[in-house]
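Number of protein chains: 2
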Amino acid sequence: MNVAPVFSDIDDSPLESAEAMEARLFEIGARRYHNLHPFHRMLHSGKLNKGQVQAWALNRFYYQSSIPIKDAHVLSRFRDRNIRLEWRKRIEDHDGIAGDEGGIERWFILTDGLGLDRAYVESTKGILPATRFAVDAYVNFVAQRSPLEAIASSLTELFAPTLHEERIVGMLEHYDFITPDVMAYFKRRMTQAPEDAQFALKYVKENARNPEERQAVCDALIFKTNVLWVQLDALYHAYVSGHVPPGAFRPEVNG
Amino acid sequence: MNVAPVFSDIDDSPLESAEAMEARLFEIGARRYHNLHPFHRMLHSGKLNKGQVQAWALNRFYYQSSIPIKDAHVLSRFRDRNIRLEWRKRIEDHDGIAGDEGGIERWFILTDGLGLDRAYVESTKGILPATRFAVDAYVNFVAQRSPLEAIASSLTELFAPTLHEERIVGMLEHYDFITPDVMAYFKRRMTQAPEDAQFALKYVKENARNPEERQAVCDALIFKTNVLWVQLDALYHAYVSGHVPPGAFRPEVNG
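Chains A and B, in that order, give the protein sequences. Here the UniProt record's numbering is used: position 154 in the first sequence is 154, and no number is missing along the way. Here the UniProt record's numbering is used: position 20 in the second sequence is 20, and no number is missing along the way.
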């Protein structure tokens with residue numbers, strides 16, 4: 001509802017083809033995806049203590065548990081039943097279907113494994129306000145922007161499998177409180193994310209039909225990289241630099 | 001549109017009267033208002049360099065320039081013309097009327113004085129993503145929550161004059177690049193904010209009629225203290241700790 005964001009660190013010359021747009025999308029991923037964030041480097045190389053890993057899992061739960069709400073907004077934007085059928089799979093992946101507990105339940109296996117109280121996690125009362133604002137910005141984005149931008153904002157999934165693989169290997173190697181079963185969420189996403197990402201990429205390549213729409217697709221991906229980056233900046237500031245804001249999770253009290 | 005936030009650091013026993021609610025509101029201000037934030041302590045005591053002050057003024061412009069949009073949402077929530085007339089003053093205070101350039105224009109005097117290009121400031125392209133998410137969360141809050149909560153979220157103004165006085169004195173004393181004329185915004189707010197705050201306080205005392213509504217008023221104020229606090233956390237992380245996120249203002253390049 002406000003002015004469109006403008007971004008300064010990525011080339012914004014006119015995108016004359018779907019292929020040029022695709023190349024730009026991969027450039028954005030290479031320069032802005034949150035695999036590059038120092039907090040992830042610390043997480044994956046064993047540099048965090050258990051309280052810091054708890055803070056990450058607790059905050060990230062708000063993101064995970066908002067994804068089906070986000071996807072319900074996306075689904076609501078399309079009269080085309082085929083797109084709704086395709087997109088509904090994402091809601092099922094997170095909320096579960098018969099025979100599959102779903103991604104949110106698998107996230108609880110992680111927070112259980114880290115010794116966090118499930119009711120406390122579910123209440124979201126200890127999360128950082130910046131986490132809430134960033135995640136809510138994502139939900140509002142897909143509800144308020146064009147359907148094309150709503151789909152484009154999911155394209156960070158193009159870059160997720162590499163990150164998840166690095167995470168599984170790194171966390172299992174470096175933390176004695178991490179076991180293979182608590183990493184179930186990430187293992188499952190390694191097959192889900194590529195399928196989802198290929199659908200979304202195909203959609204934006206076919207439906208962004210002029211340079212302005214192609215730029216809007218790229219800006220939606222940049223917006224989403226910001227949503228992810230802000231969450232890690234907030235975790236780093238609170239739990240690495242040590243500036244926990246009023247009311248937020250404190251490992252020594254709540255962990 | 002998502003679950004209501006829950007907060008853990010403030011007493012949440014039932015508020016049985018308007019007076020009990022008022023006392024709780026002042027407790028929230030005393031414990032959570034951003035006068036307590038380390039970034040403000042540094043700003044007011046001369047501990048920041050010019051680039052850091054530029055970053056603060058540049059980011060804060062997004063907040064300032066969103067306030068009339070926020071207030072237009074509030075105004076739109078009321079069929080009572082008297083409330084609309086009262087609230088319209090806030091839009092006039094920021095956007096200006098004949099004979100008064102308004103608060104946004106006075107903010108440009110500050111950014112001019114700091115040597116920032118006005119078109120760059122107005123584009124908002126260098127602001128921190130966390131600033132955008134926090135400010136947009138405020139705009140969405142007043143659009144989506146009850147009219148009572150929309151008004152309650154303005155109550156940080158109860159605590160603003162003391163902060164502004166401290167800021168004017170401290171910044172004039174400590175920075176050779178700050179002169180009395182560039183502090184015009186804050187001087188003007190010292191008389192505007194108390195009038196606005198008294199109207200809002202009277203409104204919530206008269207219109208929150210049971211413990212649940214009084215709690216919602218307090219939660220709206222806590223939400224707003226988070227909106228302000230997150231902005232300073234993000235500035236501290238980027239420009240004091242030195243973790244400037246991709247695409248954001250860099251004093252040595254943009255300042």
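Keep in mind that the hints were calculated from the coordinates and are not lab data. Idealized CB from N, CA, C, for every residue including glycine. Some clues are possibly wrong.
Here are some chain B residues pointing at chain A (derived, C-beta under 8 Å) [unchecked claim]:
| # | residue |
| --- | --- |
| 1 | 14 |
| 2 | 30 |
| 3 | 167 |
Ranges between beta-carbon positions, derived for each pair [to be verified]:
| # | chain 1 | residue 1 | chain 2 | residue 2 | range |
| --- | --- | --- | --- | --- | --- |
| 4 | B | 101 | A | 14 | 33 to 41 Å |
| 5 | A | 84 | B | 38 | 44 to 52 Å |
| 6 | A | 109 | B | 38 | 53 to 61 Å |
Here are some of the chain B residues that sit facing chain A, going by a computed Cβ distance under 8 Å [unchecked claim]:
| # | residue |
| --- | --- |
| 7 | 35 |
| 8 | 130 |
| 9 | 136 |
| 10 | 191 |
| 11 | 192 |
| 12 | 234 |
Hint by hint, here is what the structure shows:
no. : hint                        : verdict
1   : 14                          : 18 Å, violated
2   : 30                          : 11 Å, violated
3   : 167                         : 21 Å, violated
4   : 101(B) to 14(A): 33 to 41 Å : 38 Å, holds
5   : 84(A) to 38(B): 44 to 52 Å  : 48 Å, holds
6   : 109(A) to 38(B): 53 to 61 Å : 37 Å, violated
7   : 35                          : 13 Å, violated
8   : 130                         : 5 Å, holds
9   : 136                         : 6 Å, holds
10  : 191                         : 29 Å, violated
11  : 192                         : 23 Å, violated
12  : 234                         : 7 Å, holds
In summary, the structure is inconsistent with hints 1, 2, 3, 6, 7, 10, 11 from the numbered list given earlier, while agreeing with the others.
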